[in-house]
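Peer 1: The hints should help you fit chain B onto chain A, whose structure is shown.
Line by line, the protein sequences are chains A and B. Going by the working numbering, the first sequence wraps up at 265, each residue one higher than the last. Going by the working numbering, the second sequence wraps up at 1694, each residue one higher than the last.
The hints are simulated quantities; they were obtained by calculation from the structure and are not laboratory data. Owing to the predicted nature of the structure, the values given are computational and were not obtained by experimental measurement. Check the hints yourself; a few may be wrong.
Dumping the calculated SDA-like pairs for lysine to any residue here, alpha-carbon to alpha-carbon at most 25 Å [as the list claims (entries may be wrong)]:
{"hint": "1", "chain 1": "A", "residue 1": "178", "chain 2": "B", "residue 2": "1555"}
{"hint": "2", "chain 1": "B", "residue 1": "1504", "chain 2": "A", "residue 2": "228"}
{"hint": "3", "chain 1": "A", "residue 1": "178", "chain 2": "B", "residue 2": "1109"}
{"hint": "4", "chain 1": "A", "residue 1": "178", "chain 2": "B", "residue 2": "1148"}
{"hint": "5", "chain 1": "A", "residue 1": "178", "chain 2": "B", "residue 2": "1504"}
{"hint": "6", "chain 1": "A", "residue 1": "178", "chain 2": "B", "residue 2": "1101"}
{"hint": "7", "chain 1": "B", "residue 1": "1505", "chain 2": "A", "residue 2": "178"}
{"hint": "8", "chain 1": "A", "residue 1": "178", "chain 2": "B", "residue 2": "1548"}
{"hint": "9", "chain 1": "A", "residue 1": "178", "chain 2": "B", "residue 2": "1178"}
{"hint": "10", "chain 1": "A", "residue 1": "178", "chain 2": "B", "residue 2": "1102"}
{"hint": "11", "chain 1": "B", "residue 1": "1143", "chain 2": "B", "residue 2": "1279"}
{"hint": "12", "chain 1": "A", "residue 1": "178", "chain 2": "B", "residue 2": "1592"}
{"hint": "13", "chain 1": "A", "residue 1": "214", "chain 2": "B", "residue 2": "1551"}
{"hint": "14", "chain 1": "A", "residue 1": "178", "chain 2": "B", "residue 2": "1174"}
{"hint": "15", "chain 1": "A", "residue 1": "178", "chain 2": "B", "residue 2": "1104"}
{"hint": "16", "chain 1": "B", "residue 1": "1143", "chain 2": "A", "residue 2": "225"}
{"hint": "17", "chain 1": "A", "residue 1": "178", "chain 2": "B", "residue 2": "1176"}
{"hint": "18", "chain 1": "A", "residue 1": "178", "chain 2": "B", "residue 2": "1551"}
{"hint": "19", "chain 1": "A", "residue 1": "178", "chain 2": "B", "residue 2": "1537"}
{"hint": "20", "chain 1": "A", "residue 1": "178", "chain 2": "B", "residue 2": "1694"}
{"hint": "21", "chain 1": "B", "residue 1": "1505", "chain 2": "A", "residue 2": "145"}
{"hint": "22", "chain 1": "A", "residue 1": "178", "chain 2": "B", "residue 2": "1103"}
{"hint": "23", "chain 1": "A", "residue 1": "178", "chain 2": "B", "residue 2": "1692"}
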Amino acid sequence: MRYASARGLREERDGLWALAAAPTIWAAHFLLCYATAAVWCAKIARDDGSLFEVRLAIAAYTALALTAIGLIGWRGFVKHRRRGGERPHDADSPEDRHRFLGFATSLLSGLSAIATIFSALPAAFIGSCS
Amino acid sequence: VTDADRSPPDRDVGPLAAPSPEHVRWRQAQELLRTWETPKGWRYWSAVNNTEVGLWYLAASFFFLLFGGVLALLMRLQLATPNAQVLSADLYNQTFTVHGSVMMFLFAIPVFEAFAVMLMPQMLGARDLPFPRLAAFGFWCFILGGVFLCGAIFFDAAPKGGWFMYPPLTSKYQPGIGADIWLLGFSFIEIAAIASAVELIVGALKCRPPGMRINLIPLYVWYTLVAAVMILFAFPPLIAGSMLLEIERAFEWPFFDATRGGDPILWQHLFWLFGHPEVYIIFLPSIALVAMIVPTFAKRPIVGYSWIVLAAIGTGFLSFGLWVHHMYTVGLPGISLGLFSAASTAVAIPTGIQFFCFIGTMIAGRVTRSIPMLWVLGSIAIFVIGGLTGVMIALAPFDFQAHDSFFIVGHLHYVLIGGALFPIFAGVYYFYPLLGGKQLSTRLGKVAFSLSFIGFNVAFFPMHLSGLRGMPRRVFTYPPDLGLETLNLISTIGAFILASGVALIAIDVVRPKKKQPHTERNPWRAGTLEWVQEMPPKPWGIRSIPEIDSRYPLWDQPNLMRDIDEGRYYLPDAREGLRETLVTSVIDARPLQCQRLPGNSFLPLVAALSTGGFFIFGTFHAWLPALASLVIALGLISFWLWVGTGRHPEKIEKNVGLGKKLPIYVSGPASVGWWGLLITMLADLTAFVCLVFGYFFYWTVRDDFPPASSPEPVAIWPAIGAASIVGAWALMILARRLNARSSSWTQLSILSAAALAALGALAFIAGPWLGGLDPKVHVYPATVWLLVIWAAAHVAIGVIMQLFCVVSRIAGRTTARFDMDLHNATLYWHFTALTAVITALVVAGFPAVA
Chain A
136 MRYASARGLR
146 EERDGLWALA
156 AAPTIWAAHF
166 LLCYATAAVW
176 CAKIARDDGS
186 LFEVRLAIAA
196 YTALALTAIG
206 LIGWRGFVKH
216 RRRGGERPHD
226 ADSPEDRHRF
236 LGFATSLLSG
246 LSAIATIFSA
256 LPAAFIGSCS
Chain B
845 VTDADRSPPD
855 RDVGPLAAPS
865 PEHVRWRQAQ
875 ELLRTWETPK
885 GWRYWSAVNN
895 TEVGLWYLAA
905 SFFFLLFGGV
915 LALLMRLQLA
925 TPNAQVLSAD
935 LYNQTFTVHG
945 SVMMFLFAIP
955 VFEAFAVMLM
965 PQMLGARDLP
975 FPRLAAFGFW
985 CFILGGVFLC
995 GAIFFDAAPK
1005 GGWFMYPPLT
1015 SKYQPGIGAD
1025 IWLLGFSFIE
1035 IAAIASAVEL
1045 IVGALKCRPP
1055 GMRINLIPLY
1065 VWYTLVAAVM
1075 ILFAFPPLIA
1085 GSMLLEIERA
1095 FEWPFFDATR
1105 GGDPILWQHL
1115 FWLFGHPEVY
1125 IIFLPSIALV
1135 AMIVPTFAKR
1145 PIVGYSWIVL
1155 AAIGTGFLSF
1165 GLWVHHMYTV
1175 GLPGISLGLF
1185 SAASTAVAIP
1195 TGIQFFCFIG
1205 TMIAGRVTRS
1215 IPMLWVLGSI
1225 AIFVIGGLTG
1235 VMIALAPFDF
1245 QAHDSFFIVG
1255 HLHYVLIGGA
1265 LFPIFAGVYY
1275 FYPLLGGKQL
1285 STRLGKVAFS
1295 LSFIGFNVAF
1305 FPMHLSGLRG
1315 MPRRVFTYPP
1325 DLGLETLNLI
1335 STIGAFILAS
1345 GVALIAIDVV
1355 RPKKKQPHTE
1365 RNPWRAGTLE
1375 WVQEMPPKPW
1385 GIRSIPEIDS
1395 RYPLWDQPNL
1405 MRDIDEGRYY
1415 LPDAREGLRE
1425 TLVTSVIDAR
1435 PLQCQRLPGN
1445 SFLPLVAALS
1455 TGGFFIFGTF
1465 HAWLPALASL
1475 VIALGLISFW
1485 LWVGTGRHPE
1495 KIEKNVGLGK
1505 KLPIYVSGPA
1515 SVGWWGLLIT
1525 MLADLTAFVC
1535 LVFGYFFYWT
1545 VRDDFPPASS
1555 PEPVAIWPAI
1565 GAASIVGAWA
1575 LMILARRLNA
1585 RSSSWTQLSI
1595 LSAAALAALG
1605 ALAFIAGPWL
1615 GGLDPKVHVY
1625 PATVWLLVIW
1635 AAAHVAIGVI
1645 MQLFCVVSRI
1655 AGRTTARFDM
1665 DLHNATLYWH
1675 FTALTAVITA
1685 LVVAGFPAVA
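The shape of chain B in the complex, shown without the other chains:
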């Protein structure tokens, strides 16, 4: 060990030794209050701050939970007795489809985003996450898509193909708009989920408080980071699959039609490539709440922090190797089944590790009784049973027997309710004081928990038995004398007991609490930063952004709360009246930038409405209004980018307090916007890779894919197209360099790039066009068309970006110093060039070698 290896003796930056004078602090607080004020009246709905958007998100997702729960009760009433006639067979199909879809897409995923949007800035001592308007846009997309989907069941038009929508049932045999509502409505919501994921990843990596090194961040943030990264890679397969199925339904391209070369198994692959990671995307953020709650009530730091990080990351990876265990019965080779069975059992290892860490923490500490802990213990008990039945059905021979029976229904509810719903209820009780400074009732809480825990087990345990006795899923009734009546009746009784428990929680949450006094600050004596919040909460999030030295700063840093309140840390004021937060480095959270955040605006709402118009008009095959909505949405988003981003600051550097000066405007890899785009493009690339996977999937299963003689233009034109697009990409890089030297050739370089790119897109389309490929005849032309259209559409968006940059440069908005737009457009073009090259290699190159 040399001297140079040893840390230098300089100390952590402490808070100001003495508070500022009273009148200064008063002025600072007034500035912050004015800047972060929640808008009043109808303008309330233009709010973009995490506290408002998070609250709407939470309220909406719990509303959908109750809606899905009512549907479940209807199903249980229908199944309570043999040959019952509460619901018709068709309505029963709609009911279970909407129940499953609502619980997965409109409750489980959004409630994760709701909790994260709400809590993460508080845990990180940030005033907000880096893209508040994007979060608001995501919320409005979600609520619009959700209402559209749920509303359909009142018009007898809801989807009825099960929550996994298998074709050909959903492509050929269900002509109504139900399946279209599902495919388009959820694609829309998935885009919103990806938007939230971008926000959460950048937030977790770049918006931590100074000094919160990577080994000190709250476990909740680790879990959120892993789940958000999983969304990036899990949702695009479903978006790609939904696109294929909707194109088949709307335009008769035969992706899943075996008579014209398609294969319904491709849907199953794409769906479960999403669907299985999805289970863990739901599970990890919920168990993250447990990881925050257990240390608080055990009154000690978590046992095995590194092991939990291992478990979160390990589960995130392994969960992508399980998808085929939903497809054991489709007839894959034994070795493939064995491979997926192995991964399915391996994932039990990291899952188990987390539970041992929680139990270890409870044993090592002194656990105090509380309602959140009741839910945590209930969750662990239920989830362990669900996990064990999961290991049973991970084994292919057992699954052959249990597949599509009520055993699976029992298993999945043990996993999801034990692994997600109970921890979420624990989180509701635990974090409720942060919402309005009031506590939920302990007395009601005990009753609600008892009803839910008993009701849940009474409802779902008998399902394992009825499944083993042969009761299939998704039948609307069953004949008497099969030995199923008693078990089903017990399940129904249990379901109503569970529902009464949930109803009690809902009543407790919404009952007026005007007379109830505000709770004290940090009522649970927790150690993490979100509990510095004042009761009732102030709109500014945190009075000043502290320096963090510990995993549990409220336990370990003396006077932390006082120093934050007295503004002795960073950013204690808002002199310019602009919303600000700190951007820090990924590993050690070194302060790098004072990030200006956008304020309240109706733009996210109207942009979501117009984006929704595209999907909703599309459902009814009203193509003109759909196209018009898309154009309006693109226009609005461009306007949003023009007015909302890349503003020139009034000064280059700002004094953020404690003697630190930070830049306000940064571009390229130093800026959060660049990272946000990079992450979005990774998701986009994943969707494209799924389409390419489809191409090779057809190649493995069909002998006539690609056909023996491919028409010549299909080989030449894509090659020309790719060459032009690569040229456009090179010109973009040149433009960025020219701009850095303030060269007046910049615009010309971008415009030539745009022209070359447009030519490239036309060349891509020309291939199958001149080759006379008819996408309705066979899956091969359909796949080729889809790939070239995908590439051309990306070029079209890239050209819009280029024109944006040209206008921005002419207007003096983009200069050599302020070049964010050009950096981001170039980043987009890296991905577009890659997409074009892969498309050409697959479409033109592969038939030649195959």
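So here's chain A without its partners, still in its complex pose:
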């Protein structure tokens, strides 16, 4: 069986972790937004306090998260496009396995980017801790 071999397509160089990378960034962004707002409103600004600093922080988190997700998504897309890249990536070959993982990574990056923007949107509209 053509398991291995070709340099760059060796099994060891493809991992499942790449699939989880973009959603993990979404999760980290989500938790940071939640924790920042919760601690700010409970400990610093108190009830009805201003959210100005939190909104700045969330804007920064979002820019960072989207950049990282974009890079991961681009890397995935390049893997998917490797020499053609016609779907459905269902051939029994290291190339198609490689392309499938790339395609799934780029799809998950797209979803993570949308979800990250969703998470940031409340901060665009809400100005106080009330």
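Peer 2: Quick look at chain B alone, frame taken from chain A:
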């Protein structure tokens, strides 16, 4: 593109060109039959093979479904007319609590594990999953806990705080044992669920047939993998929360008592951090059945395989960002509500994608009529309605109105029955031939589906309206003239129609089918590997383990069935009379090891009984018998590990056929046991992180947490403790290296590690002890005590492992070549050291900086 980038010209390994002679094949089949034989008589209950355990699991979970259904009918009778007196208010409370709990914990989760344990080895062409005894242990834990919980309602002692058990109702105002039964019974069952999750994750990643690359695995396996990983991170918060609530009930530590610094909202966070992912843990494996059924009846490969993988993984992640949408009305800041509302609407995207893929497959193929497809179509219709009302209540302002009303009851039943129960029934009809080689009746099936579909909508659609008219959940009755009578009566009628449909399925499943002929092989002309099974099924699972080249091997690989049957592939015999399967690599499923599987044994049953004794005696606060059960359980599990794992093989390598030689004994990251422990420890670490989250949660909501002046020993002793435990960890790593060099210093190194670790645990306890912290007075001392006890208990288990390794080495069971135990113990110590360091940083370090 260079030459080196191009794949080498070597070909896939094909089956043997010609079958072995008749007498050889006969001998091979006899060996396999003898090795995989199902035990007879009373020994039947010692079986650990996936076909038996899966069948028991299925039968038990469907029994609990019927039990929960009867409770639902009782509730509907009580609500059919205003001021009815079918059930008393108290019994009504018990009924809805047990109904919800049974359906979630004793049906929905176990039925997923049942299907997966039953089907996954067949789909993967594996003879069994890697830890059959663990699966059996999980089953016995489940049945014991389930019977205990359901039985309580016959003694008027069942829990009555609702399936989400909110304190302070369940901590202060319900003195009976009902809440204890819930907390301890379900903790026990959750441990069983985590055990199954470990089995399924390792099975999906390491036990695939050779050549089944990651882009070729059946979608069911993708979904199972995602749901099992979700269990690892979703169940520990509930275990941690249950532990806090039970400690409050039993020992009066005030975690949720606001008068002593606690906060009931912490329970809601921990519960829903479990509870919302739980909905998707139920939904994903059920919809996985749809992903197997639709291509078969559309007669074509699924449309958008990668998109479905995206949807499964994406839903798995996003579902952890939704938990607060159950808590919109507790008074969190608007920005927090907005954040969770955003995630709650975002999860509709991957959920929708899957349905478009299913509909696309049906349009692109030529769908044939069948009973499983009826259920699939019914499921899609119902789930879409439930999903849309879900988007409505994801929006906080609408939820403020609908919260705790019958609108929510209607919504959640549309989601769960459309998203889980109907696909499961589709799966029952579809996979039934794999159980005993017989078909279910098409005529009865049509009637059952029609009754269920109509009955379901008649029962649950009016609930949205009665909810909008103001009918709250969980009231045992309502006065006339509120405009609720007609809607409730219709719901009750619908519930009985639905029940008659379900009853018809149950009758069809259990009716004797002796005279009915066996069905042909692969009766639906499906493309996936589970359908190579012979009718009636043979106990060996698969005659020989094939090389896979396609997502739908039965459609694309010519002569596959013949070649498997004639033993032309891997492991066609069982020369040594031992159960074996192949372990392969994660990405490309390259064969790596011939894994010996343990045989039938009563050990899982007795280990589950003694573990159950700890929880059941604990419910009645009988601490001595509880402790005795725990000690017996630990002893039995150690014995189980001693006799059941790490056996030295009679040879280093085995010829598995087709010219392939594979090692039998591997250790460390190459072994499935190491991966199983790693996955278990991730769940354990998650529970610990939840306790740490509790600490910081109290810090955000209280000004006196931690108190201004913390007693000095609380700072010094944990630091000493952590230093000793880190030392013990370093000595364990040293011991593993010494052992690899066959050094006689190995035992000494482990024993010093154990001594140092024991000192560290004592130092941890000494902190709050010498500091005079009284856990009953305030939540701060209670939290500190809990964290140090958690760390010390982990060290205690680690010391047992160390002693096990020492004995194993002295007995010659652990050697430089056979060092599985030492690798696993060291892995455990990585996590213990991390736990100890975090505990010390939180307990001793944080008060200093706060």
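Peer 1: Run every hint past the structure and note whether it holds.
Peer 2: Results of checking the hints against the structure:
1. A:178 / B:1555: 24 Å, holds
2. B:1504 / A:228: 20 Å, holds
3. A:178 / B:1109: Distance ~17 Å between residue 178 of chain A and residue 1109 of chain B Cα, so the pair holds.
4. A:178 / B:1148: Given that 25 Å is the threshold and the Cα spacing comes to 48 Å, the pair is violated.
5. A:178 / B:1504: 65 Å, violated
6. A:178 / B:1101: Since the Cα atoms of residue 178 of chain A and residue 1101 of chain B sit roughly 21 Å apart, the hinted pair holds (cutoff 25 Å).
7. B:1505 / A:178: 64 Å, violated
8. A:178 / B:1548: Holds, at roughly 12 Å.
9. A:178 / B:1178: Roughly 16 Å separates the two Cα atoms, so the pair holds.
10. A:178 / B:1102: Holds, because 19 Å separates the two Cα atoms, which is no more than 25 Å.
11. B:1143 / B:1279: Holds - the C-alpha atoms of residue 1279 of chain B and residue 1143 of chain B are around 23 Å apart, at most 25 Å.
12. A:178 / B:1592: 51 Å, violated
13. A:214 / B:1551: Given pair residue 214 of chain A, residue 1551 of chain B is violated - Cα atoms ~55 Å apart, limit 25 Å.
14. A:178 / B:1174: 18 Å, holds
15. A:178 / B:1104: Holds - the C-alpha atoms of residue 1104 of chain B and residue 178 of chain A are around 20 Å apart, at most 25 Å.
16. B:1143 / A:225: 17 Å, holds
17. A:178 / B:1176: Holds: residue 178 of chain A and residue 1176 of chain B sit about 14 Å apart, inside 25 Å.
18. A:178 / B:1551: 15 Å, holds
19. A:178 / B:1537: 16 Å, holds
20. A:178 / B:1694: At roughly 12 Å apart (the allowed maximum being 25 Å), residue 1694 of chain B and residue 178 of chain A satisfy the hint.
21. B:1505 / A:145: Holds - the C-alpha atoms of residue 145 of chain A and residue 1505 of chain B are around 22 Å apart, at most 25 Å.
22. A:178 / B:1103: Roughly 21 Å separates the two Cα atoms, so the pair holds.
23. A:178 / B:1692: 17 Å, holds
In this structure, the hints that do not hold are numbers 4, 5, 7, 12, 13, in rising order.
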